[in-house]
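Peer 1: Now for the letters of each chain:
Protein chains: 2
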Amino acid sequence: MSQHAPTDRTRLRRMGHKAAHDKATIHAILDACPVAHVGYVVDGAPHVTPTLQWREGDRVFWHGSAASRFLRAILGTQACLTVTLTDGLVLARSGFEHSISYRSAMLFGPVQAVTDPAEKEARLKEMMDQMFPGRWPQLRPMTAQELKATTILTMPIDEASAKISAEMPDDPPEDRLWPVWAGIVPLETRLGTPEPAPDCPPGLALPQVKFG
Amino acid sequence: MSQHAPTDRTRLRRMGHKAAHDKATIHAILDACPVAHVGYVVDGAPHVTPTLQWREGDRVFWHGSAASRFLRAILGTQACLTVTLTDGLVLARSGFEHSISYRSAMLFGPVQAVTDPAEKEARLKEMMDQMFPGRWPQLRPMTAQELKATTILTMPIDEASAKISAEMPDDPPEDRLWPVWAGIVPLETRLGTPEPAPDCPPGLALPQVKFG
Chain A
1 MSQHAPTDRT
11 RLRRMGHKAA
21 HDKATIHAIL
31 DACPVAHVGY
41 VVDGAPHVTP
51 TLQWREGDRV
61 FWHGSAASRF
71 LRAILGTQAC
81 LTVTLTDGLV
91 LARSGFEHSI
101 SYRSAMLFGP
111 VQAVTDPAEK
121 EARLKEMMDQ
131 MFPGRWPQLR
141 PMTAQELKAT
151 TILTMPIDEA
161 SAKISAEMPD
171 DPPEDRLWPV
181 WAGIVPLETR
191 LGTPEPAPDC
201 PPGLALPQVK
211 FG
Chain B
1 MSQHAPTDRT
11 RLRRMGHKAA
21 HDKATIHAIL
31 DACPVAHVGY
41 VVDGAPHVTP
51 TLQWREGDRV
61 FWHGSAASRF
71 LRAILGTQAC
81 LTVTLTDGLV
91 LARSGFEHSI
101 SYRSAMLFGP
111 VQAVTDPAEK
121 EARLKEMMDQ
131 MFPGRWPQLR
141 PMTAQELKAT
151 TILTMPIDEA
161 SAKISAEMPD
171 DPPEDRLWPV
181 WAGIVPLETR
191 LGTPEPAPDC
201 PPGLALPQVK
211 FG
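Going down the list, the protein sequences come from chains A and B. Under our numbering, the first residue of the first sequence carries the number 1, and numbering increases by one thereafter. Under our numbering, the first residue of the second sequence carries the number 1, and numbering increases by one thereafter.
Think of the hints as simulated: they come from the structure by calculation, not from any bench. Mixed in with the good hints there might be a few duds.
Just a few of them, taken from the derived set where beta-carbon distance is under 8 Å, the chain A residues facing chain B [as the list claims (entries may be wrong)]: (1) 86; (2) 100; (3) 142; (4) 168.
The list that follows gives simulated cross-link-like pairs (lysine to aspartate or glutamate, EDC-like), each with its CA atoms no further than 16 Å apart [said to hold, decoys possible]: (5) 210(B) to 188(A); (6) 125(B) to 146(B); (7) 210(A) to 87(B); (8) 23(B) to 158(B); (9) 163(B) to 22(B); (10) 210(B) to 87(A); (11) 23(A) to 56(A); (12) 148(A) to 116(A); (13) 163(A) to 31(A); (14) 120(B) to 146(B); (15) 210(A) to 188(B); (16) 125(A) to 56(A).
Note that CB positions come from ideal geometry on N, CA and C, so glycine has one too.
Take the sequences, apply the hints, and build the full model.
Peer 2: Right under this line is the structure:
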């Protein structure tokens, strides 16, 4: 997410890109970003598919249709799951020093399926609880057929790394008087106004939503 | 991005997920989403790295440091570049029918480098023009050393597909009277208030920004 060239230690410091491997940092990034991109290999070729992930302790989970080619192709393989939050655009005095303020986490590991029906339902409830607190008991209960039609995959948060860049532009001294605006333009993701379904009767309480 | 099980044609219709392969749809999704996740294979293992992409005609481009392990690993290989816009959360009366309103495009192809210095500069100018219209001529000009330190990679938009889901929840008739709110909660990404760098003098014009 940057075009910086790490030619020396000074430059690396100036980049403001921090690599991290501690669990707290990686968990915080995963918890802030439900949208993940999962990479896997089919017939030697890389594939990247978007999905929603949620974390429980030291594992991430995602789910989909049991008929999904993506989920069938990835089960039992080594995959890479990456989440990225783009927090802002970093504008410098030269094109070269422009960059992105971002947080990303990359996980590598073996993909397993959750197969026990009761455990599957517990995982789906947890996903719902994280995103829509209090909604699960209000819903029409899951059926055995729906549980069967849903595949849940999981990967350990074991081999993982994070990258964080959150610095102001750091132009070299000779550029700092160049007469062009420099700074950060934040990027913000927020929830919009809920739009009820046409067949949703009035008077029902709006859901609590926590997305990231 | 959905747990729907496509068990029959009716269900497929109800899913509201449209696959598309036409250029106009794919170009529009790429143009709306500069953040891409690029998948590649190193020693047989999938890797997924975030980057910024920009489109020119029938090609996408991305760039980074010439010292980047990611860029060196992917050059000359077959890669997968995926962009995903999450437009909203789709809340139904059952957990099973919950889904995401999203647009994604997935590109497969060989990765090549742009090597000619003049062409590299033209591509970087185009990236800047798309994101910050009018800013390039205001910047301290690129140096030959900076161009050399910047790698630009490109992939044709040739083998590509898109998926779009933008439908209201479509609960089966027997669920529609279940007394829980149903509809879409939009997700919106917007630019925040620009934060000038501490060493940015007052009075300089704010940049035009077009991110997606």
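Peer 1: State for each hint whether it applies.
Peer 2: Going down the list of hints, with the structure as the test:
1. 86: Because about 5 Å separates residue 86(A) from the closest Cβ in chain B, which is inside the 8 Å limit, the hint holds.
2. 100: 7 Å, holds
3. 142: Hint holds; residue 142(A) Cβ to chain B Cβ min 6 Å, cut 8 Å.
4. 168: 5 Å, holds
5. 210(B) to 188(A): The given pair, whose Cα atoms are some 14 Å apart, holds under the 16 Å limit.
6. 125(B) to 146(B): Answer holds: residue 125(B) to residue 146(B) is near 13 Å, not above 16 Å.
7. 210(A) to 87(B): 15 Å, holds
8. 23(B) to 158(B): 9 Å, holds
9. 163(B) to 22(B): 11 Å, holds
10. 210(B) to 87(A): 15 Å, holds
11. 23(A) to 56(A): Roughly 13 Å between the alpha carbons, so the hint for residue 23(A) and residue 56(A) holds.
12. 148(A) to 116(A): OK: residue 148(A) and residue 116(A) at ~10 Å, within 16 Å.
13. 163(A) to 31(A): With Cα atoms ~15 Å apart, residue 163(A) and residue 31(A) stay inside 16 Å; holds.
14. 120(B) to 146(B): It holds: about 11 Å lies between the C-alpha atoms, which stays within 16 Å.
15. 210(A) to 188(B): Answer holds: residue 210(A) to residue 188(B) is near 14 Å, not above 16 Å.
16. 125(A) to 56(A): 12 Å, holds
When the structure is compared with the earlier hints, no violation turns up for any of them.
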